[in-house]
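**Q** As you go down the protein sequences, you meet chains A and B in turn.
Letter 228 of the first sequence, counting from 1, is numbered 228 in my numbering, and no numbers are missing.
Letter 125 of the second sequence, counting from 1, is numbered 1125 in my numbering, and no numbers are missing.
Hints may be right or wrong, so weigh each one.
[What the hints assert, rightly or not] Away from chain A, derived, C-beta distances all over 10 Å, residues of chain B:
no.: 1; residue: GLU1224
no.: 2; residue: ASP1266
no.: 3; residue: SER1401
no.: 4; residue: ALA1469
[To be verified] Some but not every residue of chain A turned toward chain B, in silico, with C-beta under 10 Å:
no.: 5; residue: VAL151
no.: 6; residue: GLY154
no.: 7; residue: GLY156
no.: 8; residue: GLU182
no.: 9; residue: ARG186
no.: 10; residue: TYR188
no.: 11; residue: VAL189
no.: 12; residue: VAL190
no.: 13; residue: ALA192
no.: 14; residue: ARG193
no.: 15; residue: ARG200
no.: 16; residue: ARG201
no.: 17; residue: LEU203
no.: 18; residue: ASN210
no.: 19; residue: ALA212
no.: 20; residue: PRO214
Bear in mind the hints are in silico, worked out from the structure with no lab data behind them.
All of these numbers come straight from a predicted model, not from anything done at the bench.
The C-beta atom is built at its ideal place from N, Cα and C for all residues, glycine as well.
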Amino acid sequence: MSTTDLDNAAAPPAARRFTVPVSLARYGAALRTPRGMIAAGILLALTAIALLAPVIFPQGYDVQSRDRFLGMSTQHLFGTDEYGRDIFVRTVYGLRTDLALVAIAVPVSGVIGSLLGLSGAVWPRFGNLMQRVFDVIIGFPSFILALCVVVVMGVGFASTVVAITILGLPGFGRLARSGALEQQNREYVVAARTLGVSRRRILTRHIVPNTADPLIVHGAIFAVNAVFIESGLGILGLGVQPPQPSLGSLLNVGMRYVREAPTYPVGPILVLLLLALALSMLSDSLNERVNRR
Amino acid sequence: MMTTSESTDTPAAADRPARIPDPRPGSRNLLDVRDLRVSFPTPRGVVEAVNGVSFSLEQGRILGIVGESGSGKSVTARAVMRMLREPGRVDGGSVTLDGRDVLAVPEKEMRGLRGGEVAMVFQDPQAALNPVMKVGDQIAEALRVHGVPKAAARDRALELFRQVGIPDVERTIDQYPHEFSGGMRQRVVIAIALANKPRLLIADEPTTALDVTIQAQILELLVELRNDLGVAIVMITHDMGVVAELCDDLVVMYGGRVVESGSVKDVFAEQRHPYTKALLTAVPRADAGGDQLVAIPGSPPNPADLPPGCSFAPRCPVARPSCSEAVPPLEELAPDHRAACFVSAEGGDLSMPPAVQARHRAARAAEGEPVLSVENLRTNVSRQRSLIGRIQPVYAVDGLSLEVRPGETLGLVGESGCGKSTLSRTIVGINEVSAGTITVDGRDVTRMTGADRQHVANTIQYIFQDPYASLNPRRTIGQSMDEALEMTGVTGSAARSRAAELMDTVGLAEGHLARYPHEFSGGQRQRVGIARALAKEPKLLICDEPVSALDVSIQAQIINLLEELRERLTIGLLFIAHDLSVVRHLSDRVAVMYLGRIVETGTVQEVYDDPQHPYTKSLLSATPEPVVDDQGRQRIVLTGDMPSPANPPSGCRFRTRCPIGPLFREGREVCEQEVPELTLTPVGQTAACHFPGELTEGAPA
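Sequences and hints are given; from them, build the entire structure.
**A** Rendered as structure tokens:
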């Protein structure tokens, strides 16, 4: 806390009318902690590899050969699978799938969930109804719910995205609602009301910016979940379908052939853990620096 | 001088024993603190919170440690208990309790000392008690850790409860903390502290969170305990009135150092340090008129960034250039009266420059149409439904009428829970009106339609108690000001220049507009709050406890600012406060509120000089004044607490505590049966009492 000089002392020049908003600086500070730096580093590296996959491995993830079930070696870093495909290449492409999932499903879920949660501030009845809908979503075991989505939409990337999005709604929605309810009683909101500021303005100007931090931190936490949900669906065979790889589906198939090639699932598991670890370290450091008042 | 060889507050201090000789060898000091230094290493450098503090305390005396936020008074107390918060550490000095070096004893033995020899009472009794444990068990726990058998513990607990004046002990001992009122909880905390017959009690602002009438009860209790049990008490406070009332000796702290110490009598008779002197003149007094207060400029220093030399020099009216160069030593300037001031040591004149315009503001004659008029207002604050789904009303404001005219100040006084904030929130449309009418500037706004709200927002503005909470932390002051100006239709460059103008009006600079709320000190934030309220050019400002969250030396600045604005802009003020002195200082008329109703109202002179309602009389009597020869004065200390508005007493609402009511006088059934109306008394003001003017000074039944 850099409290100021004397009460009546001359003020600095009026040059900095627009400075960095308080919270952005805190995100920066979060990333500068050791944990934040490691997390950001791992995530950057994984993203770079995934994005560059078509450049590094232009032949694609479906090149088959007769060398089935090879173990780990310098030639095939993670070995080969039942069609003689390089598991490392497939893992990198699988990572690409997972990152795409996280990058689409988490923000979409976050935005929709938050809007539904905040809707109560404008339409109280609708807001209450949404809370009950969230309860229902939470009440369903997540895989049953994913199963329902798959039944309606068929298996594939799109239905995985939709399933993850729906599963994320209650978390974001409840957090946004509780944040808004708390903000509503804050004195600066009361102050704005006594100034005659409209409800909508108060919502967009005072309530939303002040509830954003916990939502962003929750987004990082939910990203970890999204990776695990995908792999869970993959293990059940309900996720992304072959030949397109995902970390989950690699695990699914790998476990099936674990007797023929014991090292088959090891590579994908390591990458999956690395991704989850980085995301959870990121959410931890954000939580520590950003979320405290 | 002590070297800073030690880096923790754990024992291993064989090199610590008294290198600094006790100035009075053989004296029977219970507590001796010598040259105590405490620092807090932070990522941004070491903060020296306590810097060479020395004082001593004899058995059975009460020592007041006075200071503002950041003065190091609480840190000193915690260091004595060896309970510094992380990462605080004792860098040097000694603390001797009854001949034992507290800083050197092993932690295990220290645990025996804590609670056994020394006990502590905290500011917030709610936080100091475990909410899921019966209070009796909590006292028993304190006893049993010090080796009292279980069976004896309960008897001792009952005895302690009686000692601290808790009624109906056999029943209340098995209650949970939430079943007690604030004052009673503080009694419980004191009972726990006393459990093992400590010889020293450290009380850190024990009455700050309490109402005046409850504060009077607790202060009375502390004096009794001292007289009956002979405990010594260290009383940490910011209130010179409390010091004058309670303490024998006084230590004034500023910027981590002792600036003045001596007996209360000597210090109040003649202050040897300009800070002490300024503190006493900056506080409004309930028994004095409305001359402008001599405010101390600036704000208390940040302990992380102390000015060189004397920390008070930048704010000191008599400072010399040399004051900023060296730290003045604490010297004995009169027998047992020390001060750390170069000017004072040379016998220099410490008298303050007279107030800029020493003027006595004549009470403004009520003229013109009222800006605000409230009639028979009732406000329900409950949303609790009974079994059949009906709302069970709780009227926090129950049949209240008042008027404020342009340029006039109405002071509204009452204790917490009397409904004063509910009233102000109802006026601006935050709470709903249940019955009665509100007229703002000639327009009936009781129904609070959209247009009504706009009308109210254009006429009345609100100043909050906590300026930090009332500013959006994400928006610069400029953005907050723009929002207010936008509402009046001023935008763009016009808004910018108007914002700059408003900042100037409240004594801030245009450059402050670019800053965020956290970059300001408390006093500056309150100025921002006032500037924002002025943006709408209101005809009435509602000030809800605008200075009670501020340091004493800052309060006077804000009070003076409000006074000045009122004169310059002819704004009406509805000034709500629990502090009678502040209200007297600012107001033309005053209304005293009790449990949702006004019990007495009139001009300030009428009400303060000759209060007619026993409640007003008791409030005035309970307010500690910073005057020493007051100590002999007989106070009216009310018993009990304010009843809940959910279940108000029949007849007169004050009768359950009234010193002239049915509790103390025979044949006063009328108080239980008939609601007293506000009627004109012979002296001039109106009071709602069946026996107005009967209670006189110091004569409770």
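**Q** With a cut-off of 10 Å, does the beta carbon of VAL151 (chain A) approach a beta carbon of chain B closely enough for the hint to hold?
**A** violated, 42 Å
**Q** Given ARG200 (chain A) as an interface hint, is the shortest Cβ-Cβ distance to chain B below 10 Å?
**A** Because about 13 Å separates ARG200 (chain A) from the closest Cβ in chain B, which is outside the 10 Å limit, the hint is violated.
**Q** May I ask you to check that ALA1469 (chain B) keeps its beta-carbon over 10 Å from the closest beta-carbon of chain A?
**A** violated, 4 Å
**Q** With a cut-off of 10 Å on the beta carbons, see whether LEU203 (chain A) makes it to chain B.
**A** With Cβ-Cβ at 13 Å, over 10 Å, it is violated.
**Q** Next item in the hint list is TYR188 (chain A). Is there a CB on chain B closer than 10 Å to its CB?
**A** holds, 4 Å
**Q** Can the hint on ARG193 (chain A) be confirmed by a CB-to-CB distance to chain B that is less than 10 Å?
**A** holds, 7 Å
**Q** Verify the interface restraint on VAL190 (chain A): the C-beta must sit less than 10 Å from at least one C-beta of chain B.
**A** holds, 6 Å
**Q** Can the hint on ALA192 (chain A) be confirmed by a CB-to-CB distance to chain B that is less than 10 Å?
**A** Since chain B brings a Cβ to about 7 Å from ALA192 (chain A), closer than 10 Å, the hint holds.
**Q** Report holds or violated for the interface hint on ALA212 (chain A), using the least CB-CB distance to chain B and a cut-off of 10 Å.
**A** holds, 9 Å
**Q** Hint validation: ASN210 (chain A) versus chain B, beta carbon distance must be below 10 Å. Holds or violated?
**A** holds, 6 Å
**Q** Can GLY154 (chain A) be said to touch chain B, with a Cβ gap under 10 Å?
**A** At 44 Å from the nearest chain B Cβ, GLY154 (chain A) fails the 10 Å test, so the hint is violated.
**Q** Min Cβ distance, GLY156 (chain A) to chain B: is it shorter than 10 Å?
**A** violated, 42 Å
In summary, the structure is inconsistent with hints 4, 5, 6, 7, 8, 15, 17, 20 from the numbered list given earlier, while agreeing with the others.
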